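Colleague: Now for the letters of each chain:
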Amino acid sequence: MDFKMDWITLSSKFIWGGVAALGFAALFNVPRRTLLTIFLLGGIVVFTKFLLLGLGFSIVMACLCGAALIGFLSIPFAHFVHTPPLIIYIPGIIPMIPGILAYRMMLGLIKLAGDTKAPDYNQVLAETVNNGIKVLFILVSISVGVIVPMLIMRKESVKNIKIIKKKS
Amino acid sequence: MDESITTLKSDTISRCGTILLRVATLLMSTGANTGRIRTTVNRIAGAFEYQADMHISQRVITLTLFDDQDNAVFSSLKKTPPHIVNFSIISGISRMSWRVIEENWSPDEIETELNRLSALPHYPRLAILTFVGFAGAGFCRLADGSIIDMLFVFLASFSGLFIRQEAVKANFNPYLCVYFASSVAALVAGLAVKTGLGDAGNHAFVTSVLFLIPGVPLINSISDIVDGNIQNGITRGVNGLIFSFSIALGVLTATLIYGF
Chain P
1 MDFKMDWITL SSKFIWGGVA ALGFAALFNV PRRTLLTIFL LGGIVVFTKF LLLGLGFSIV
61 MACLCGAALI GFLSIPFAHF VHTPPLIIYI PGIIPMIPGI LAYRMMLGLI KLAGDTKAPD
121 YNQVLAETVN NGIKVLFILV SISVGVIVPM LIMRKESVKN IKIIKKKS
Chain C
169 MDESITTLKS DTISRCGTIL LRVATLLMST GANTGRIRTT VNRIAGAFEY QADMHISQRV
229 ITLTLFDDQD NAVFSSLKKT PPHIVNFSII SGISRMSWRV IEENWSPDEI ETELNRLSAL
289 PHYPRLAILT FVGFAGAGFC RLADGSIIDM LFVFLASFSG LFIRQEAVKA NFNPYLCVYF
349 ASSVAALVAG LAVKTGLGDA GNHAFVTSVL FLIPGVPLIN SISDIVDGNI QNGITRGVNG
409 LIFSFSIALG VLTATLIYGF
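Protein chains in written order, with our numbering: chain P, 1 to 168; chain C, 169 to 428.
Hints listed in this document are in silico derivations from the structure and should not be mistaken for laboratory results. Bear in mind the structure is a predicted one, so any value in this text is a computation, not a measurement. Wrong hints could be hidden among the right ones.
As the list claims (entries may be wrong) - Computed from the model, here is a short list of chain P residues facing chain C with C-beta under 10 Å:
no. : residue
1   : Lys-13
2   : Phe-28
3   : Val-30
4   : Pro-84
5   : Ile-110
6   : Leu-112
7   : Gly-114
8   : Ile-142
Yeah, the Cβ is synthetic: ideal placement off N, Cα and C, and Gly gets one too.
Chain P on its own, in the form it takes in the complex (with noise of 0.2 Å):
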């Protein structure tokens, strides 16, 4: 894996991916008092894959565990906001979402659209395939990272869900 463990790589990973889910919550018109909450979540979740990806996990599963991560992690800072969990982990994990993986895909199916007696032809067949299907796999799983808590919770509403246990 040619992917050093870098503290300062990570921490610039950190802020940009802040940035990144900050640009979708003005885009969103999230109220104001969420912006800071967003900002640092889109940093952990880009924080988290990175850091995944350097200790050897495969893409789908460091983009799962992050999604999760978040997931867990947007309900107190609902509480804390007054917010509905869903305005903050949407532009939260937008940073995730494979674009450059998306793009080669489509180079790919446009070169596999052309001449079949190329000798390439097999290894950009493979290439997309494989492209495609990270992508496929990458959304599904970030989608699903995001609700796995509300799964385990079996709730309607995080307000339901006590944070601190209360003694009776």
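Starting from the structure of chain P, add chain C where the hints point.
Modeller: Coordinates of chain C only, in the frame set by chain P:
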């Protein structure tokens, strides 16, 4: 029963039903998932001691209210307004639904609050454009782009979103708006590759259109399917897919123009 009391009661019921329909259509058009719409409407209906049953789809919502004797007392359907993601409204309606229960709100108070929420200002246009420009630069950095690449992506996202907003104002088809935006963004970012200023990996070109990703339909699609609202999930998924396709088509246009 006295006739005037009956009329008064049916007035409140239809008023309550109309407001619930307005809540449901507002939530649908601003990007809430189906489970949330159902929960919120049931919560508010419960505060007035009705039971609400709904058929929820993308374009129209049907609602029937039942009273405590299980008689259907109100039934109607309403078209949803054009879909524009606005999380301030979802957050506001969610907070409101709890206050309706806790503070015993009347239908009038709910309507005033809905009017207030719909009139809430968006972020200033320049601020949105700048934020999205920086988000594009962030995507570029995450993909290991250089500083010059990031600058090009900033300009590309900024101008792409500007074109999209103008196209939406001019009432173009939503998919066409995304196509225009993605071709403009890819054309601007393609300059980095064409002039040789960017690095070899085409990072600017690839990340310039990422601000158009239909994140809300794609994520809501999966959460609806997992929740059992499979029809809505498929509708949203197909919608997201066509948006992605429009983005790809825009990039393809720029590729053909530059001849990469």
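Colleague: Confirm or reject each hint.
Modeller: A quick look at each hint next to the structure:
1. Lys-13: Since chain C brings a Cβ to about 6 Å from P/Lys-13, closer than 10 Å, the hint holds.
2. Phe-28: holds (5 Å)
3. Val-30: With a closest approach of 4 Å, the P/Val-30 hint holds.
4. Pro-84: At 5 Å from the nearest chain C Cβ, P/Pro-84 passes the 10 Å test, so the hint holds.
5. Ile-110: holds (7 Å)
6. Leu-112: violated (14 Å)
7. Gly-114: This hint is violated: P/Gly-114 lies away from chain C, its Cβ roughly 13 Å from the closest one there, beyond 10 Å.
8. Ile-142: holds (8 Å)
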